[in-house]
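Protein chains in written order, with numbering that gives the first Met the number 0: chain Z, 0 to 344; chain Y, 0 to 292; chain D, 0 to 317.
Since the hints were derived computationally from the structure, they do not count as laboratory data. Some hints could be false.
[Said to hold, decoys possible] Subject to a maximum C-alpha distance of 25 Å in a straight line, what follows is the list of computed DSS-like cross-link-like pairs (lysine-lysine):
1. D:K297 with Z:K253
2. D:K88 with D:K76
3. Z:K253 with D:K76
[Claimed, not checked] Cβ-Cβ distance ranges computed for the label pairs, FRET-style:
4. Y:K23 with D:T99: 25 to 33 Å
5. D:E293 with Y:L32: 56 to 64 Å
6. Z:T256 with Y:S67: 53 to 61 Å
7. Y:L32 with D:Y294: 51 to 59 Å
8. Y:G78 with Z:V76: 36 to 44 Å
9. Y:L105 with Z:T256: 51 to 59 Å
On a predicted model such as this, the values are computed, not experimentally measured, just so you know. The beta carbon of each residue, even a glycine, is placed where N, CA and C say it ideally should be.
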Amino acid sequence: MGIRSYIITRILLTIPTLLLLLSMVFIIMRILPGDPVALHFEKKADPETMEAMRRVLGLDKPLWEQYVNYLGGLVDVGYFLEHGYPNLGKSMQTFEEVGGQIFSAFPATLELAIYSMIIASVIGILLGVISSKSYNSFLDHLIRGSAIVTYAVPVFFLGIIFQLIFGVYLGWLPTGQRIDPNISPPATITGLYTIDSLLEGNLVKFFESLKALILPSLTLGIILSGIFVRLTRTNMLETLRLDFIPAAKARGLKESTVTYGYALRNAFLPILTMMGLQFAMLLGGAILTETTFSWPGLGRYIVQRINFRDYTAIQGAVVMFGLFVTLVSLIVDILYAYFDPRIRL
Amino acid sequence: MSKAEIKRRILGRLIPGLTSLAKKGPSGWMIILGIVIVSALVIMTLFAPWLAPYNPRSLVGPIRAPPSLQFPMGTNHLGQDMLSRILCGGSIMLQVSALSVLVCFLIGVPLGLFSSYVGGIFDRTMSLVIDAVYAFPSLVIAIAVAAMLGTGVVNMALSIAVVYIPSYFRIVRSQVLSIKELTYVEAARAAGAKWHTILFRYVFPNVIPSIVVVASINFADAVLTAAGLTFIGLGVRIDIPDWGWDLTSGRALIASGAWWVIAFPGLMIILLALGFTLIGDGLSELLNPKLQR
Amino acid sequence: MPIIEIDSLTVDYRASRGTIRAVGDVSFRLEKGETLGLAGESGSGKSTLGLSIMRLVPYPGVIVKGQIKIVGTDILKLPEHEMRSVRGKKVAYIFQDPMTSLNPVKSIGAHFVELIRTHEPNTNKEEALGRAKNILNVLGILPERINDYPHQFSGGMRQRIMIGLAIALNPDLVIADEPTTALDVIVQAKILDLLKSLRDTYGMALILITHDLSIVLERCDKIIVMYAGQLVEQAKSIDIQEKPMHPYTQGLLRSIPNIELADQRLEAIPGNPPDLLNLPKGCRFNPRCPYGMEYCYKETPLIDLGRGHLVRCFLYGG
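Using the sequences and the hints, build the whole thing.
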């Protein structure tokens, strides 16, 4: 099948997965403990207040009706066009539209995730290649060892250490905002400060927002890189053993061409898939990183909502995470098909 | 059997086992190192009440005192001795991770065995559901579940368990699927063996090695996730000494430069997670030529 | 000037269990346009010999001593970047398994363009592609398939592509390492014929490495038989066929099945090739040799019988 039909099939397959995901979230948030409203008030409010809240939030309706409304809200195109974000319910704390809050918080997380992923894969792939080329040497063991250790480090621990060293002791980098509070953020086009400032042509804002991004994305990126190092190394070792490698050398090709154009390009596909899978891990780490650095993203949002016991908001945020992960895995699968001619043809 | 007899028997199995592991090269050393680290930490936690110089909850010293002879790891913002807190602080983490691994194992493995053996629509549906959970960011699920269940050791363990059940399910399933069609299983079937006999006597023993690998990694992840949940505020009650809690509360002190309040708890968490990771990775490397991941 | 002149080449594999002498003191030379058949069992050192000429002996192999002169230049003394320009351009190597010798993510056109532009950087892409298409023509492959990927070709066609890559820059010497082992018999003959016709057209020297003596008897000018890393017999092809001297060569020839004989028993050489870590003292073939004498336990010399016929056996002197 050509790549177009593959894409279509793959998109169609996403629908049942998505449905499953959404139902799963619903089950956890509604059916598990029982009454989110009661939990919200920690049983300290009187029944009338609780009933009133239920009515406003639509939680007094029978469960199946809530389920239908829940799913319906997400595909409510009219609502989306009207508000600019999907219907994810109302906050228990402020009764604002959760969708709005989530959509304004999300771009910060996206930006963090992208830069972290870039750092993680660049570090990971480079170290993995170096490690595989110097097989069994001290360097190889050193790199492998550090990859294992980085995996065991709690991401917020590393974050705190970085804040301590770079933020407090050395005072080099800012801790806690996306951009120096004295500078106004760039006009929102993508929501990603670095891109938006470039689009605006404002280099000062670009560098300031980049500066703020360094510590959090470095933290998350380093922790994540461990897995890439090991995966790249394993795949490279396997690939370097294949016949077309000495055959390429026998044609007089340069060592770097063989390493990157032949070995890495063939070993790359599983790494790409891993990148997609790792996005899920990334979001988990993002929650902790954002909390550590007070980064105003979806992760910090969810933690704040937990403190306020705002269960509808938590549900909305979890749904948002799920949607994002599904989208990323879809993109990765399509890219995979693009890179491997064997799948397409 | 006398105590000496028991000791001799255990050592008799242990020493040759360890030496043969050591001979297997770097993977073997990783496993041994991992076991050493984990055992040391477990023993430390078990004997903590006797080892600790002070009561970890008592206010015994000045606030935020740096490490000294009297308080080798310093004191925290309340004046509690950090060393004592470190010695006692592993208990919650170990309990939570052990419990979650147990739950995962008890649910994930039989489910995986059963589903893959039965096959058909049941298996396909089950796999779809499990894959959906698997793809989800683990901390997010743990947060969602923990938010609803509340704090406490059991609830934390359950929240974490939900996240990792798919790992067991998937590895068991892939193993079973590859073994299912092997001749000796067919032979057993042809000889009239009942399905549960086949499952538990033929299929299961082959699956055990990969389960052990998953369990070790699971342990490491559980420790880290538990720390993460505590950091967010979904951990356990405040008064029990816990590395995760110390790390979280210590965060407020970084501005004052009291690095010892976060460094030591953090290092302990790293050590514990590292120990389990070493075991898991070493094992999977050893088993890799025989199995496929 | 001989195209290739090898003098006392010795290659060891230094493994943790011990050192294996894969190639021991081998010397020969080839003139322009000559074909050499290098025959021997697995472990005889023939592939290692071939790879040494390319300086591509895999780790833990080391070229311990000797000289390899390609058109007068001792390539063992060249720095790596100069050796790289020799590979593919002056000497080309065809690997055994065509199924895995091509880069799966590159089209075959890309393989050719990369090869041509690595050695002749001033060639532009269109020119390179044009040359590639011409070569495909010679190989018997439709030039329109230039943009196809390796997995779209059969084994036989992939081997042709490998051959095409080998001759693309008109090398002085081509080494073909068991080029037909991975292919079926019919395709085998076609590939060997292709090699022959290319040799006739381009005039390069050819070393054909194989374990099947019958393949090289007809098609090569000279034949070298190797056993356990040593050169045991070297002669013109006719002389090997009519007057094989070394007991091992004789055994090999006897074991080739003759299609014309009706009720033929397959004659194998008794015994097994030696463990290279535990070689017998003296002549390595001694344990399996029907003529074993006492002084076969001494280091066996290479005897020159004239007409370019060399034998390593005490039966003929020493």
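Against which earlier hints does the structure fall short, listed by number upward? Of the numbered hints, 1, 8 do not hold.
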